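One letter stands for each residue in the lines below.
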Amino acid sequence: MVAYILRRVLYSIPVILIAALILLWGVRETFDPCAQFRTSRGGQASVERCRKADHLDEPITSQYWSWLTKAVQGDLGQSERTNADVGSTIATAMWYTIQLIFWGVLLSALLAIALGVYSAVRQYSVGDYILTTLSFIGLAMPPFWFGLIAIQFLAVGPKNWFGLDRTIFGFVGLHNGDSTGFDLDYVRHLVLPVLTLTVQSIAEWSRFQRASMLDVMSADYVRTARAKGVRRRDVLVKHALRNALIPLVTVMALDIGGLFGGVIITEKIFAIPGMGRLFLDSLQQGDAPMLVAWTVVTAVFVVLFNLIADILYGVLDPRIRLA
Amino acid sequence: MTTPAIEEVRAEEGVFEPVARSQWQLFRRRFFRHRGAIISMVVLILLAILCFGAGFIAPYANNQQDLLLGPVSPNAHHWLGTDELGRDQLTRLLYAGQLSLKIGFAVAIISTIVGTMIGAVAGYFGRAADQLLMRLTDLFLLVPAIAILALALEKFGHTDTVIILFLSLLFWMYVARIVRGDVLQLKEKEFIEAARASGASWLRIVVRHIIPNIIGPIMVNVTLGVATAIITESTLSFLGFGVQPPQTSWGNMLSDAEGYVGTSKSYLLYAPGIMILITVLCVNFIGDGLRDAFDPQSEKH
Numbered sequence: 001m002v003a004y005i006l007r008r009v010l011y012s013i014p015v016i017l018i019a020a021l022i023l024l025w026g027v028r029e030t031f032d033p034c035a036q037f038r039t040s041r042g043g044q045a046s047v048e049r050c051r052k053a054d055h056l057d058e059p060i061t062s063q064y065w066s067w068l069t070k071a072v073q074g075d076l077g078q079s080e081r082t083n084a085d086v087g088s089t090i091a092t093a094m095w096y097t098i099q100l101i102f103w104g105v106l107l108s109a110l111l112a113i114a115l116g117v118y119s120a121v122r123q124y125s126v127g128d129y130i131l132t133t134l135s136f137i138g139l140a141m142p143p144f145w146f147g148l149i150a151i152q153f154l155a156v157g158p159k160n161w162f163g164l165d166r167t168i169f170g171f172v173g174l175h176n177g178d179s180t181g182f183d184l185d186y187v188r189h190l191v192l193p194v195l196t197l198t199v200q201s202i203a204e205w206s207r208f209q210r211a212s213m214l215d216v217m218s219a220d221y222v223r224t225a226r227a228k229g230v231r232r233r234d235v236l237v238k239h240a241l242r243n244a245l246i247p248l249v250t251v252m253a254l255d256i257g258g259l260f261g262g263v264i265i266t267e268k269i270f271a272i273p274g275m276g277r278l279f280l281d282s283l284q285q286g287d288a289p290m291l292v293a294w295t296v297v298t299a300v301f302v303v304l305f306n307l308i309a310d311i312l313y314g315v316l317d318p319r320i321r322l323a
Numbered sequence: 001m002t003t004p005a006i007e008e009v010r011a012e013e014g015v016f017e018p019v020a021r022s023q024w025q026l027f028r029r030r031f032f033r034h035r036g037a038i039i040s041m042v043v044l045i046l047l048a049i050l051c052f053g054a055g056f057i058a059p060y061a062n063n064q065q066d067l068l069l070g071p072v073s074p075n076a077h078h079w080l081g082t083d084e085l086g087r088d089q090l091t092r093l094l095y096a097g098q099l100s101l102k103i104g105f106a107v108a109i110i111s112t113i114v115g116t117m118i119g120a121v122a123g124y125f126g127r128a129a130d131q132l133l134m135r136l137t138d139l140f141l142l143v144p145a146i147a148i149l150a151l152a153l154e155k156f157g158h159t160d161t162v163i164i165l166f167l168s169l170l171f172w173m174y175v176a177r178i179v180r181g182d183v184l185q186l187k188e189k190e191f192i193e194a195a196r197a198s199g200a201s202w203l204r205i206v207v208r209h210i211i212p213n214i215i216g217p218i219m220v221n222v223t224l225g226v227a228t229a230i231i232t233e234s235t236l237s238f239l240g241f242g243v244q245p246p247q248t249s250w251g252n253m254l255s256d257a258e259g260y261v262g263t264s265k266s267y268l269l270y271a272p273g274i275m276i277l278i279t280v281l282c283v284n285f286i287g288d289g290l291r292d293a294f295d296p297q298s299e300k301h
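Heads up: the protein sequence lines correspond to chains A and B, in order. Counting in my numbering, the first sequence runs from 1 upward without gaps. Counting in my numbering, the second sequence runs from 1 upward without gaps.
Any given hint could turn out to be false.
[As the list claims (entries may be wrong)] Listed next, the in silico DMTMM-like pairs over lysine to aspartate or glutamate satisfying Cα-Cα at most 25 Å (straight line): (1) 268/A - 256/B; (2) 70/A - 29/A; (3) 155/B - 29/A.
Calculated directly from the structure, the hints in this document are not laboratory data. Quantities reported herein were computed from a predicted structural model and do not represent experimental measurements.
All chains, full assembly: derive it from the sequences and hints.
What follows is the structure, encoded as structure tokens:
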């Protein structure tokens, strides 16, 4: 097991580093961070100075090498947009994003399991058809549109219809000006962004849970348990559900890494200063050090959760051996 | 695909007569039994006719402004209202549909063709080609796709052609992985061995023997590709990295509408989103129908 984890980690390092190189090259090919000096009074001389400062006069490989040698010592460089330290900027932004992802995964896991089990147990009932339709719609809807519609109908709409003095759910940031920490205000601000982030996962995971529950429910050991006289409820919870969760857990771990893409949209719509916002701001200005560091950090998360998925699969289902 | 299959035995005047059907007939029968897929097909074709016939159907000229009129809510003259510049939203919606549909289908078809060829070669030859494909897929799972697309559009211009090319560049790998897996299984089968023994070249084996056998998953993947491409394009345009005016796509219209959420002009928000929703829903249902139609087992229930 340890050897397996080690091999996987060692294996991903070059892939992550190549991803970083591709991004650095792409940004440098597209953006010129010294463009602002071209029209300034200093003219050519200040452009040259700027290019030297950002090492733009060197070939891409040596720029990459100097980034890499610093990065392994923990120095991710300076933002070309704000001049702030890249490492600490990312750490600040990451905190917001982790909150979103944490609550998002918690909510969608609980909802998806509940809905999936209900659909499977009541297969072909009216409830099952309604949930199936909803999940089809959830999967076909662009998440950003869901976010906008949610603001319209869950935040601003009720305020106008009922003449409230403020909206029930917040849709700017995670707190109102003066409050901090975990309080009612925080929850009111979390609801819409978390829903926007997870509407697709809820739809997908609940379909998945339904399928795996149906699979397990027709297994021989479930029939045996029923034949022995175990109550239906106990069979469903103790025999069926526990086994039906195994495939879902793996899919969830794989998808959590992908949520870093989802926060880009969510954080833009709800003005949350997390990783997604940082990514968009940096991309608009071609901030190479920030984008490269962003890619590496999120790639590490994706790799980590892929690894967790594989390990969990082996732990939960002893028939699967990792080699 | 012309192997006759004895489908059913029909009693006619006391004589049992087996009816032979070709694979294609079987496929068609199973597909037409999927009501959702048929309805979706009709809706999608209607939608395409409306959008691509916009020149004849649309009530106003494309992008025709009426600054004196400004934004008005939906009414008898402007069924979906007008925007800030007095442009008729129904007209824009139809013209935008041209672009969204074109991007969706073009990306799906290009990436499926490229992905199938590369996946088939990687699966057939194995070893180095196979390793390269798998590592490439791993790599592109880690590079943020939005960054690649945004940079490419910034560098090569915000046109539909660039979007189509780069979306295809990012999507072919998923098809390739699926095809590779199927080819790995198929190439050990006796009929491939027989073909090889009778002197068929690798190209002939792949094109004539392997690909016809995996056409099912490939076609299903085309529908998935259309859905993903349309949603990705709309997201990209919404974020401001996609197509730029005067070109319009549904995502682009939603990007314009974002500022009006919660105001009296929130009507701008609905139509483009609903169009994306309907298109993707239809495409997904067709995919479902195809999956059932290619699966010989599905006839039983």
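Evaluation of the provided hints:
Distance hint between residue 268/A and residue 256/B is fulfilled; the C-alpha atoms sit about 14 Å from each other, no more than 25 Å. Among the hinted pairs, residue 70/A with residue 29/A is consistent with the structure: their alpha-carbon atoms are about 22 Å apart, no more than 25 Å. For the given pair, residue 155/B sits about 8 Å from residue 29/A by alpha-carbon distance, which is consistent with the 25 Å threshold.
The structure is consistent with each of the numbered hints, conforming to all of them.
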